[in-house]
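Visitor: Given next are the chains, with one letter for each unit.
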Amino acid sequence: DGGITQSPKYLFRKEGQNVTLSCEQNLNHDAMYWYRQDPGQGLRLIYYSQIVNDFQKGDIAEGYSVSREKKESFPLTVTSAQKNPTAFYLCATHSGGGRGSTGELFFGEGSRLTVL
Amino acid sequence: GQSLEQPSEVTAVEGAIVQINCTYQTSGFYGLSWYQQHDGGAPTFLSYNALDGLEETGRFSSFLSRSDSYGYLLLQELQMKDSASYFCAVNGRGGGNKLTFGTGTQLKVEL
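Order-wise, the sequence lines are chains G and E. The number in my numbering is simply the position in the first sequence, starting from 1, with 79 added. The number in my numbering is simply the position in the second sequence, starting from 1, with 1488 added.
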């Protein structure tokens, strides 16, 4: 099936530990994104990548890192420098299309990280 | 920067019509999108307005007025399954198809 797979679905971490969230897609989309969602709030952009081997910071990149070595994969590492990492993390893709696109993002099912 | 405001919660009865508003402040954008998210799930795309006016997609319609910095999502013939959170989002002119999301509106549909 075509889609976006995020893993793990639930993750617990002790303070001071780094953790990596996986995002894999088989939609053949060029652009990939990581958003963070806190309870009762909207989505905030962490990082995005428009093409392999290139990525840019979003609005809340501090304490996070990413890589884009393959078109299909865009893992997110939550580092110990992130002061409040407990949140719901959503990976998304976009098919491209520039100004004429609908702006439609396709989302994975999310990873819920809890720091103990 | 960009900011989008929505009411935090709206309640309506099954079969009714409900309007969810989105007011925004932005330096410029290509279009306004709407997404639905059920509890703990993935947001799913509902509608997009690139131009002012009404876009209709089945029971859902979306409206945009750039002169008023305002848009809304209209849901008709409400069903219990429409209980979810709804987010507006703008596709900014900074490139990369980055979306900035609103604060979200939780819709509760009652019998």
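Everything labelled a hint here was simulated from the structure, so no lab data went into it. All C-beta atoms in this analysis are idealised placements derived from N, C-alpha and C, irrespective of residue type, glycine included. Some hints could be false.
Claimed, not checked - Just some of the chain E residues that point at chain G, by a computed CB distance under 7 Å:
| id | residue |
| --- | --- |
| 1 | 1585 |
| 2 | 1589 |
| 3 | 1590 |
| 4 | 1592 |
| 5 | 1596 |
Claimed, not checked - Computed from the model, here is a short list of chain G residues facing chain E with C-beta under 7 Å:
| id | residue |
| --- | --- |
| 6 | 139 |
| 7 | 140 |
| 8 | 144 |
| 9 | 148 |
| 10 | 186 |
Visitor: Against this structure, judge whether each hint is valid.
Guide: Now the hints, each set against the structure:
Below 7 Å, beta-carbon pairs count as interface contacts, and residue 1585 (chain E) has one with chain G at about 5 Å; its hint therefore holds. Taking 7 Å as the C-beta cut-off, the interface hint given for residue 1589 (chain E) holds, the closest approach to chain G being about 4 Å. Nearest Cβ of chain G to the Cβ of residue 1590 (chain E): about 6 Å, under the 7 Å cut. The hint holds. For residue 1592 (chain E), the interface hint holds, the least distance from its beta-carbon to any beta-carbon of chain G being 5 Å, beneath 7 Å.
At a threshold of 7 Å, the smallest CB-CB gap from residue 1596 (chain E) to chain G is about 14 Å, leaving the interface hint violated. A least Cβ separation of about 12 Å between residue 139 (chain G) and chain E goes past the 7 Å threshold, and the interface hint is therefore violated. The beta carbon of residue 140 (chain G) is not positioned within 7 Å of any beta carbon in chain E (closest approach about 12 Å), and the interface hint is therefore violated. The interface hint given for residue 144 (chain G) is violated, since its Cβ lies 18 Å from the closest Cβ of chain E, which is over the 7 Å cut-off.
At a threshold of 7 Å, the smallest CB-CB gap from residue 148 (chain G) to chain E is about 19 Å, leaving the interface hint violated. The restraint placing residue 186 (chain G) at the interface with chain E holds, with a minimum CB-CB distance near 4 Å, inside the 7 Å limit.
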